[in-house]
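Student: Sequence:
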Amino acid sequence: MYTKFGRVKPARYLFDEMPVRNEASWNTMMSGLVRVGLYEEAVDFFRKMCDLGIKTSSFVIASLVTACGRSGSMLSEGVQVHGFVAKSGFLSDVFVGTAILHLYGVYGLVSCSRKVFEEMPDRNVVSWTSLMVGYSDKGEPEEVIGIYKGMRVEGVEFNEHSMSLVISSCGLLKDESLGHQIIGHVIKSGLKSKLAVENSLVSMFGNLGNIDYAKYIFDHMSERDTISWNSIAAAYAQNGHCEESFWVFHLMRHFHDEVNSTTVSTLLSVLDHVDHQKWGSGIHGLVIKMGFDSVVCVCNTLLRMYSGAGRSEEAELVFKEMPAKDLISWNSLMACFVEDGRSVDALGLLCSMIRTGKSVSYVSFTSALAACFSLELLDKGRILHGLVVVTGLFDNQIIGNALVSMYGKIGEMSEARRVLLQMPRRDEVAWNALIGGYAEHEDPNKALTAFRTMRAEGVPANYITMVSVLGSCLMPGVLLEHGKPLHAYIVSAGFESDVHVKNSLITMYAKCGDLSSSQDLFNRLDDRNVITWNAMLAANAHHGHGEEVLKLVSKMRSFGLNLDEFSFTEGLSAAAKLAVLEEGQQLHGLAVKLGFEQDCFILNAAADMYNKCGEIGEVVKMLPPSINRSLPSWNILISAYGRHGYFEKVCETFHEMLEMGIKPGHVTFVSLLIACSHGGLVDQGLAYYDMITRDFGIKPAIEHCVCVIDLLGRSGRLAEAETFISKMPVKPNDLVWRSLLGSCKIHGDLDRGRKAAEHLTKLEPEDDSVYVLSSNMFATTGRWEDVESVRKEMDLKNIKKKQACSWVKLKDKVSTFGIGDRTHPQTLEIYAKLEDIKKLIKESGYVPDTSQALQDTDEEQKEHSLWNHSERLALAYALMSTPEGSTVRIFKNLRICGDCHSVYKFVSRVTGRRIVLRDQYRFHHFESGVCSCKDYW
DNA sequence: TTAGGGTTAG
18 MYTKFGRVKP
28 ARYLFDEMPV
38 RNEASWNTMM
48 SGLVRVGLYE
58 EAVDFFRKMC
68 DLGIKTSSFV
78 IASLVTACGR
88 SGSMLSEGVQ
98 VHGFVAKSGF
108 LSDVFVGTAI
118 LHLYGVYGLV
128 SCSRKVFEEM
138 PDRNVVSWTS
148 LMVGYSDKGE
158 PEEVIGIYKG
168 MRVEGVEFNE
178 HSMSLVISSC
188 GLLKDESLGH
198 QIIGHVIKSG
208 LKSKLAVENS
218 LVSMFGNLGN
228 IDYAKYIFDH
238 MSERDTISWN
248 SIAAAYAQNG
258 HCEESFWVFH
268 LMRHFHDEVN
278 STTVSTLLSV
288 LDHVDHQKWG
298 SGIHGLVIKM
308 GFDSVVCVCN
318 TLLRMYSGAG
328 RSEEAELVFK
338 EMPAKDLISW
348 NSLMACFVED
358 GRSVDALGLL
368 CSMIRTGKSV
378 SYVSFTSALA
388 ACFSLELLDK
398 GRILHGLVVV
408 TGLFDNQIIG
418 NALVSMYGKI
428 GEMSEARRVL
438 LQMPRRDEVA
448 WNALIGGYAE
458 HEDPNKALTA
468 FRTMRAEGVP
478 ANYITMVSVL
488 GSCLMPGVLL
498 EHGKPLHAYI
508 VSAGFESDVH
518 VKNSLITMYA
528 KCGDLSSSQD
538 LFNRLDDRNV
548 ITWNAMLAAN
558 AHHGHGEEVL
568 KLVSKMRSFG
578 LNLDEFSFTE
588 GLSAAAKLAV
598 LEEGQQLHGL
608 AVKLGFEQDC
618 FILNAAADMY
628 NKCGEIGEVV
638 KMLPPSINRS
648 LPSWNILISA
658 YGRHGYFEKV
668 CETFHEMLEM
678 GIKPGHVTFV
688 SLLIACSHGG
698 LVDQGLAYYD
708 MITRDFGIKP
718 AIEHCVCVID
728 LLGRSGRLAE
738 AETFISKMPV
748 KPNDLVWRSL
758 LGSCKIHGDL
768 DRGRKAAEHL
778 TKLEPEDDSV
788 YVLSSNMFAT
798 TGRWEDVESV
808 RKEMDLKNIK
818 KKQACSWVKL
828 KDKVSTFGIG
838 DRTHPQTLEI
848 YAKLEDIKKL
858 IKESGYVPDT
868 SQALQDTDEE
878 QKEHSLWNHS
888 ERLALAYALM
898 STPEGSTVRI
908 FKNLRICGDC
918 HSVYKFVSRV
928 TGRRIVLRDQ
938 YRFHHFESGV
948 CSCKDYW
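Numbering (my numbering), first residue to last: 18 to 954.
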C-alpha cells in the first residue's frame, strides 16, 4: 500500500522489519523505489535480489529497465540488467525485450536496439514503435520509414504513437508520394481523429510545402492543443508565409491560452528571411517580456535571427548573455562568424570549445572547415583535416564534403581530389565542390573531366552541378568547345527549366562574349527571379553597356521586383561609370529606404557613384567614420580627393588610414599613384611606389607601373620613364606604351614616341588609339608629312578612328553631338549660342590655341575647326537649355581637347555657372575660371 | 505529435 502511494520511507521501514520476506515482498519494494524515482537505489536493490537468487517478474524487470532510460545517466546500470536478463532467459518476454531496446534507443545506440529487436521471438506494436523512436530521435527519418514498411509487411496494427512518428518522418523526408500513401493508411486505420496524428499531419504537410492541406486539417480538428497551433505556425513559417505565421500567433493569444517556447522559436525562425528592420528588435523585446530569454532553444533562434541578418555583433551579444548554452548555441555562433567572414573568430570559437572540454560535433567541424576559404587559412584547414581524421569523423559524409569544398575554394585541387577519392561514398555535393574548385582555379577541361567521371560513377547531377560546370566556362574562346555542348547537354538532361541553370547560362554566354545569346535566353524566360535579372545586369555591365543596366534596373522596379544588394550595387556602379547623378541618387535613396543603408557593398558603390559624379561632399558625408571604415571605403575616399585635386587630403587620408591600422591594398596604391600623377607630384608618387613592396610586401602590378610611367612621362621625365619600363617587375602591356606615347605627344618627343608606337602596334595591331596619338603628336609639332603617312597607313590597314562625341542629358532625354554636328533640331540656336560664347570669352581674354587643331590649314581655318568640337556644341546646348545658375553636366567619349578645356574655364568664369565634364579618363570640374584638374591631365 | 546548428551554387 505504502509503495502505491509513493510513501517510500514507511515502505522501506516495514520491509526492513519484516521477519519473513517472500518474492512478492522484494518485488513490491523494488517497484516502489522505481515509482518514486529512486532509480539508483532500485538498481542496487535488484543486484541484491540477483545475488540472493530471488526470482523477479518480467513486469518488474521491464519497469526497472524503463527507469534506467528515464534517468538519462544510467546506461551502464541498464546494460548490467540486460546481461542478467539475457542469462536468465527473460529476453524472450516481449515486455522486457521492448524495454531493453527502448533503453538503447534513449541513449542513441540504435544499432543495439535493432540487434535486440531482431533477436526477439515475439514483437508487439510497442516494440516496433520503440525502435522507431530511437531512429526518430537520432534524426534518421529514412530508417523510421523503413520500419514502417516492415510493419506493414508483417501486418502489425499501428497505434497513435507509431503513426505520428511515421507521418512526421515522411514530412522530414519531403517525400510527397509516400505522404499520399500514408494518408490512405491513416484513414483506413481509424487513427485519423487522434490529436497526435492530426498534429503530425499538419506538420507533415507543412514540410511537404502543401500549406493548403495543412490548413485544412488544422481547421477541421475537433480539439487543438499547443502543439497543433505550433505546427500550423511552423507550416506557414517554413513556406515563407511569415505574415500568416504571425497571424497564427495573434489568434493563439486570443483563442488558446498557452504560448510556449516552441511557439516563440518558430516565430523567430521566420525572421531569417523577413524584413529584419521591421520585426527583429521588437520580437527580441517580446521574448524577454514573455520570459523565454532563458530557454536555450529560443536563444539559439534569436542568435540565428541576428546571424541571418548579417549582424554578427548582436548575435555574439545574445550568445554572451545566454544563461545556458548547448552545442547548438556554439555551432550557431560559429556558423554566424563564418557567414560574416569572421574566419579567425570562428576558428577561435572551436578552439575554446575544445580547450574547455565542451562536446564538439561534426557540425562544429563543418563550420570551422567552411571558415578556411583562403590561402592564408590553409594551414588551419590542414590542422582541422588532421583533427577530423583523429576523431574518427572522416567517414562522415558532410565532413568529407566540407573538406573537398575547403581545398576546392583555396585551390588546392590535388588535395581536394585526394579527399574525394578517399570518401566511402561520393555524393553529388562532394562532386559539385570539386567541380566548383576546378572551375574557379583551373581550366574548364579539368571541371568537365570531373563532371564526366561523376556521371560515369552513376552519381546523378543536380542543378548545382550544372551551375558549377558552367562556372568553368566564363572566358572568351571556350564557347564552341565547351559552352555550347554543355548547353545542349543541359537541354537534353532536362535542366533547362531550372531557373538557376538558366541564370548561369545567361552569365556563361555573356562572359564568353556572346551577349546576344544571353539576351535571347533572358527574353525567352518567363519565370525570372531577382537572380535572373541580376545575371542580366552583370552581363550588360561586363560588356560596358551601362545604359542598358540602368534600363533593366528601372524595369525591375516597374515590375515590382525587390532589388537586392547585388542589383543595387550593379545599378550604382553603372550610374557611376556613366556619371549620371540623378539615377544614382534615386537608386541610393531607394536602397536606404529598403534598409540597405548599412550594406558595405551598396555603401561603397554609392560613395563611388557620388565620387565619379563629382559630388565629393556627398562622398565624405556618407562614408562611415574612420574607426569603422572598410578598405574599399578608404580607397574611394583617397580616389575622390585625388580626382578633385585635393592632393594634401590624399596624403592626409592615406596616413590616417595607416594610423588606424588598416593595411593598404593594391587598389589603394593605384588611387594614390593616379592622384600623384594628376597632381604632378612626381617624387611623392615614386616614394609611394617604393612603399608598395618595401613596407607592405605587395608585388607591384601592371596598373601601378602604368601609373609610374604616366607620372614620369607627363612631367617630361621621359628618359626615366623609358628606363623604368626596362626594369619593371612585370611585362609591359599596351597601357604602358600608350601612356608613354601620350607623354611623348605632350612633350613633342618624336623619337621616343615612334618607338612607343611601334611596341603598341605590335601588341594591338587593330587598335586605333596608337594611330590617333601618333598623328596628333606629329600634328602638334607641325610634322604634317608624318601625319599624312599615319593616315595612309590607317587607310591601308582599314583602321577607323573612333569618332569623338559628347552628350548632354536633360531629364530623360540624351542629346549627342559629333564634330560639326548639324543634326540636332535646335542646330541654329546652338550655333548662335556658340557665337555668343565666342564673343563673350574673347572679350575676357580668351586666345585660341590653334596647335590643338589637327589639320594642316591656315590659322583661321584652324580656329574654325576648333569651334566645331563636339564638347563645345554640347556646352552651348547645355547652357541654353538649363536654368541660369544651375550646374551643367557634359560627357565626352574621348579625352577633352586642350583648347576646349580653356574655353570651359572661361565660360565658367564669364557665366558664373559650374560645369562638370566627364571625359574618357577623368572628371573636370570648372568653377570661376579654374578647373579641378589644375590643367594637368 | 511542434521549435534551434552543417556541406555544393547564388
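Derived by calculation from the structure, the hints in this document are not laboratory data. Hints are not guaranteed to be accurate.
Stated by the list, open to error - Listed next, with one range per pair, are the computed distances between beta-carbon atoms:
1) 191 - 678: 33 to 39 Å
2) 497 - 784: 23 to 29 Å
3) 477 - 497: 33 to 39 Å
4) 201 - 90: 40 to 46 Å
Claimed, not checked - Below 25 Å or equal to it, Euclidean Cα-Cα: the simulated SDA-like pairs (lysine to any residue) are:
5) 463 - 479
6) 342 - 396
7) 594 - 574
8) 879 - 857
9) 817 - 911
10) 748 - 799
Where is the CB? At the ideal position from N, CA and C, for every residue including glycine.
Student: Each hint needs a verdict: does it hold in this structure or not?
Tutor: Results for each hint:
no., hint, verdict
1, 191 - 678: 33 to 39 Å, "49 Å, violated"
2, 497 - 784: 23 to 29 Å, "26 Å, holds"
3, 477 - 497: 33 to 39 Å, "28 Å, violated"
4, 201 - 90: 40 to 46 Å, "43 Å, holds"
5, 463 - 479, "19 Å, holds"
6, 342 - 396, "30 Å, violated"
7, 594 - 574, "21 Å, holds"
8, 879 - 857, "20 Å, holds"
9, 817 - 911, "15 Å, holds"
10, 748 - 799, "34 Å, violated"
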